[in-house]
Amino acid sequence: MTHAPVLKVENLQTRFKSVQRGKYVHAVDDVSIELYPGEIVGLVGESGCGKSTLGRTIVGLEKASSGRVLLDGVDLSALSGAALRDSRRALQYVFQDPYSCLNDRQTVGEAIDEALIIDGTKSPDERNRRTRELLDQVGLAYAVKDRHTRELSGGQRQRVAIARSLAVNPRVLICDEPVSALDLSIRAQVMNLFLRLQKDLSVACLFIAHDLALVRQAASRVYVMYLGRIVEQGPSQELYDHPSHPYSQMLLASVPEVDPRVEKLRSGPLLMGEVPSPTNPPSGCRFRTRCPLAVDDCARRTPPSHGLAPDHNAACVFAPDLHGGKRSALVHQPA
Amino acid sequence: MHNEPLLSVNNLTVDLLTSKSAVRPVDGVSYSVRQGECLAIVGESGSGKTVMNFAPLGLMPTGVTTNLSGSVRFEGQELIGLSEPEIRRFRGKSIGFIFQDPMSALNPVRRIGRQIAEMAELHLNMSPRAAEARALDLVKLVGISDPSARLRQFPHELSGGLRQRTVIAIALAGEPKLLIADEPTTALDVTVQAQILRLLKDLQQRLNMAMVLITHDMGVVAGAADNIVVMYAARAAERGPVDKVLVNPRHPYTQGLINAIPRREDPIGSEFRGLPGVPPTLGAPINGCAFAPRCELAVAACTRSRPPMAPAVDSKVSVACPVVNQGKAAA
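The listed protein sequences correspond, in order, to chains Z and F. For the first sequence, position 284 matches number 283 in numbering that gives the first Met the number 0, and the numbering has no gaps at all. For the second sequence, position 247 matches number 246 in numbering that gives the first Met the number 0, and the numbering has no gaps at all.
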């Protein structure tokens, strides 16, 4: 792996005007992440935590209020016109719903052709050759190109959507819940496609998902997001084995077990309530309103990020204790 | 103990006819649910799990002709063949429903208190005042904080979890004996899903209701259900107690589904296990086993005739697979 990140997000902030006059929705607040070439990185959190907004801001679907997005070291906000369009092409987005992201009236060939034309491939023969190559890469037969996208199953449509985003030779794919709309038996096929693309094309992939087990297996590193901020980050194995933010601990513990013998033994406290409104986020640590370990200090200041292991950080005052197993958010606290 | 199951479904077949096409989304499925029991019906989209539960109660889209055959007995009363007004006496009263998407299940322009009270007025003949009081009790029962203020709110003011709790309160308003929950946690986060599942399990035990939990997620089954029916392409593939079927799945499809769930021991970056191929599209009934084209164990006999549901070695579990059942005979 090279040591220059292909995508670097620095202190990114995305705010939306609230319906309440003079107030703002702080959807993404001071987030910094890095993606290296050929790496799958997970981004997990509950809905409303800002993970999709972060992805959309990176590709330019939302406007950043402050902070920078650097692609190969070039600040995208400093670019405009043709230079910006060229850079953006390297950043592609795979949407969650394979039914609404394709035009029903287009054939598969037309849908892919459109992307190739935008990319500047003029010769029809060349476009045909690329279409064949792209369909092959995503595991579809060439004959599919004459079918309308509406005739395809969910899994096939998601493959077409992926082929379309690959048509412009991206360096980074932002995948927003790309398999959550697919059936379980099809999900593995599409996940394996992502693993293969990462190996064969060394595309870096930011994998936004709420399925924690899926992310663990696919991603080498994981970011945990809560109410607009990254609360913990680390290599997957390390983070899943030693979650060191109370939120990560409770999030991981809420995944149900398939084996009834194990499930019946589960009795930890549940993470109660839901993500508070990002219009009025809690002061200090944003998780404190739901945290079983919260102390007065948590309301006063934003907890510093503690380095716990190589590349493993958590923003909680108790992170070293939680990492070392001296404290846990999962045992019932004395009242 | 209760001898007669509360709900018993026998050889239920549903045919849907539109002006253009005829499909059979449910093909000869049998199961039963006793009082105080929870049955999970698991299957992928298009496997017929929702139609199977909704069609006998008249909950089908308009413009579709629904033909039912077989038998659905609820408290000893046959539901198939009842007229719409007769079915309406059950629907929402002794049989409550929870739908997948809590936003579209609620009326966006009416306060939630009214929506809950309306059910009590309709099904329990309560006065508006008594119904309001009952709505308050129900909102407390489903664990909504600050209940009296919540009753005056509109659905859009509530979070996804609170909306689903409201839908549950509405379902409970008619004092149902059977609760049919169609993907009740699919639209929710994993943390809220855990809360809602715990609430449903708790209510079901406290009110001694029967529950049918329709889901595509094997993960939610273990914690909530006693028994399970696994559906594949309109038919039941395997049926039995959860602690047997999930621990020792017999049908190759059930095995594949459980095997496809990522596990903690799987190395990072390793291939995901899955099933090859895609489920069949609904159309003409399939002669043999519908799963045969995707099955590793398939033999010639699988494509010739439809495998019957037969008891496995453990007679509490039934499997529709000739290979598995033949192996049992030889053993």
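Among these hints, one or two may not hold up.
[Said to hold, decoys possible] Listed below are the simulated SDA-like cross-link pairs for lysine to any residue, each with C-alpha atoms no more than 25 Å apart in a straight line:
no., chain 1, residue 1, chain 2, residue 2
1, Z, K263, F, K19
2, F, K243, Z, G108
3, Z, K263, F, E182
4, Z, K263, F, D216
5, F, K19, Z, P36
6, Z, K263, F, N258
7, Z, K198, F, F153
8, Z, K325, F, K243
9, F, K243, Z, R265
10, F, K243, Z, G272
11, Z, K16, F, D216
12, Z, K263, F, V241
13, F, K139, Z, K16
14, Z, K16, F, F153
15, F, K139, Z, G272
16, Z, K198, F, G268
17, Z, K263, F, G268
18, F, K200, Z, P36
19, F, K243, Z, L151
20, F, K19, Z, F15
21, Z, K263, F, E156
22, Z, K263, F, Q152
23, Z, K16, F, E156
24, Z, K7, F, I267
25, F, K200, Z, G272
26, F, K139, Z, P275
27, F, K315, F, N10
[To be verified] Which bits of chain F does chain Z cover? Going by a derived footprint, with three or more residues having C-beta under 8 Å, they are:
no., region
28, 72-81
29, 89-102
30, 153-160
31, 235-245
Just so you know, these hints were derived from the structure itself, not from any lab. For each residue, glycine too, the CB sits at the ideal point set by N, CA and C.
Now for the hints, and whether the structure bears them out:
| no. | hint | verdict |
| --- | --- | --- |
| 1 | Z:K263 / F:K19 | 48 Å, violated |
| 2 | F:K243 / Z:G108 | 48 Å, violated |
| 3 | Z:K263 / F:E182 | 21 Å, holds |
| 4 | Z:K263 / F:D216 | 17 Å, holds |
| 5 | F:K19 / Z:P36 | 51 Å, violated |
| 6 | Z:K263 / F:N258 | 20 Å, holds |
| 7 | Z:K198 / F:F153 | 49 Å, violated |
| 8 | Z:K325 / F:K243 | 37 Å, violated |
| 9 | F:K243 / Z:R265 | 19 Å, holds |
| 10 | F:K243 / Z:G272 | 34 Å, violated |
| 11 | Z:K16 / F:D216 | 37 Å, violated |
| 12 | Z:K263 / F:V241 | 12 Å, holds |
| 13 | F:K139 / Z:K16 | 35 Å, violated |
| 14 | Z:K16 / F:F153 | 23 Å, holds |
| 15 | F:K139 / Z:G272 | 15 Å, holds |
| 16 | Z:K198 / F:G268 | 10 Å, holds |
| 17 | Z:K263 / F:G268 | 30 Å, violated |
| 18 | F:K200 / Z:P36 | 46 Å, violated |
| 19 | F:K243 / Z:L151 | 37 Å, violated |
| 20 | F:K19 / Z:F15 | 47 Å, violated |
| 21 | Z:K263 / F:E156 | 35 Å, violated |
| 22 | Z:K263 / F:Q152 | 37 Å, violated |
| 23 | Z:K16 / F:E156 | 18 Å, holds |
| 24 | Z:K7 / F:I267 | 23 Å, holds |
| 25 | F:K200 / Z:G272 | 18 Å, holds |
| 26 | F:K139 / Z:P275 | 21 Å, holds |
| 27 | F:K315 / F:N10 | 18 Å, holds |
| 28 | 72-81 | violated (count 0) |
| 29 | 89-102 | violated (count 0) |
| 30 | 153-160 | holds (count 3) |
| 31 | 235-245 | holds (count 3) |
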